[in-house]
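Residue numbers (this note's numbering): 24 to 257.
Everything labelled a hint here was simulated from the structure, so no lab data went into it.
Note that the Cβ used here is the ideal one computed from N, Cα and C, for glycine as well.
Among the hints, a few may not be true.
[What the hints assert, rightly or not] Distance condition first, Cα-Cα at most 25 Å in a straight line; then the derived SDA-like pairs of lysine to any residue:
no., residue 1, residue 2
1, K48, T82
2, K49, V208
3, K177, Y34
[Stated by the list, open to error] Just the calculated beta-carbon pair ranges, DEER-fashion:
no., residue 1, residue 2, range
4, R130, K242, 34 to 42 Å
5, R198, S58, 20 to 28 Å
6, E202, R252, 30 to 38 Å
7, Q135, P93, 22 to 30 Å
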Amino acid sequence: MLEVRNLSIAYGDIRVLWGISLEVKKGEIVTLVGSNGAGKTTTLRTISGILRPLDGEVTFEGEPLRGNLPHRNVELGIAHIPEGRRLFPDMTVIENLEMGSYPAAARPFRRQTLRWIYELFPRLADRRQQMVGSMSGGEQQMVAIGRGLMARPKLLLIDEPSFGLAPKLVTEIFRVIKEIQGNGVTVLLVEQNVRSALEIAQRAYIMETGRITRVGPSKEMLEDDDVRRAYLGL
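From just these sequences and the hints, can you work out the full model?
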């Protein structure tokens, strides 16, 4: 479904990605893990069209994405839930959610998609008229995921969904990500909670200082002594 080949990115004169390659197959959860500053968020921002690569290519369902603006990639079926959520705090829950359904293909299914999101996050149904800025971090993350789903994506890019959340909410968020996959949405997940990410993903890429250094089945990563020492504190 998604192929990234020899991708290089720089911010000004500073190179941050060095020829990385990865793929995400239809129906998978693939996780990209690594320390802060490794280049994970930059990778997602490039896939979604926010950043322009120096070299390399990104293709989605066989179509090259290079040069596309972000809204074009959303129309193709890629939704990006950014780190920090980036919601509209002075708008209500329902208004934030409806902002996600602007692609022409998503609009006829707005009510149907809203029902699904309220099933995933019943709390949002109860608070749909609440201003998002007055909600907790966990509730805002639910809104952010819901807004991404309103576009009815084929591929969902999720950046650090557990950041700043209490452990109970982290468990709920990862349960929902697994349920989203079960409903036919492919997921590329960036996450510092390495154990939780590896437990729900089928495959994993480990990124260090702008390079992919390891790739393999998530279960094997969980049992690998080097990964356990470096990322799981074991």
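Let me make sure I understand: some of the numbered hints might not hold for this structure. Which ones are they, in numerical order?
3
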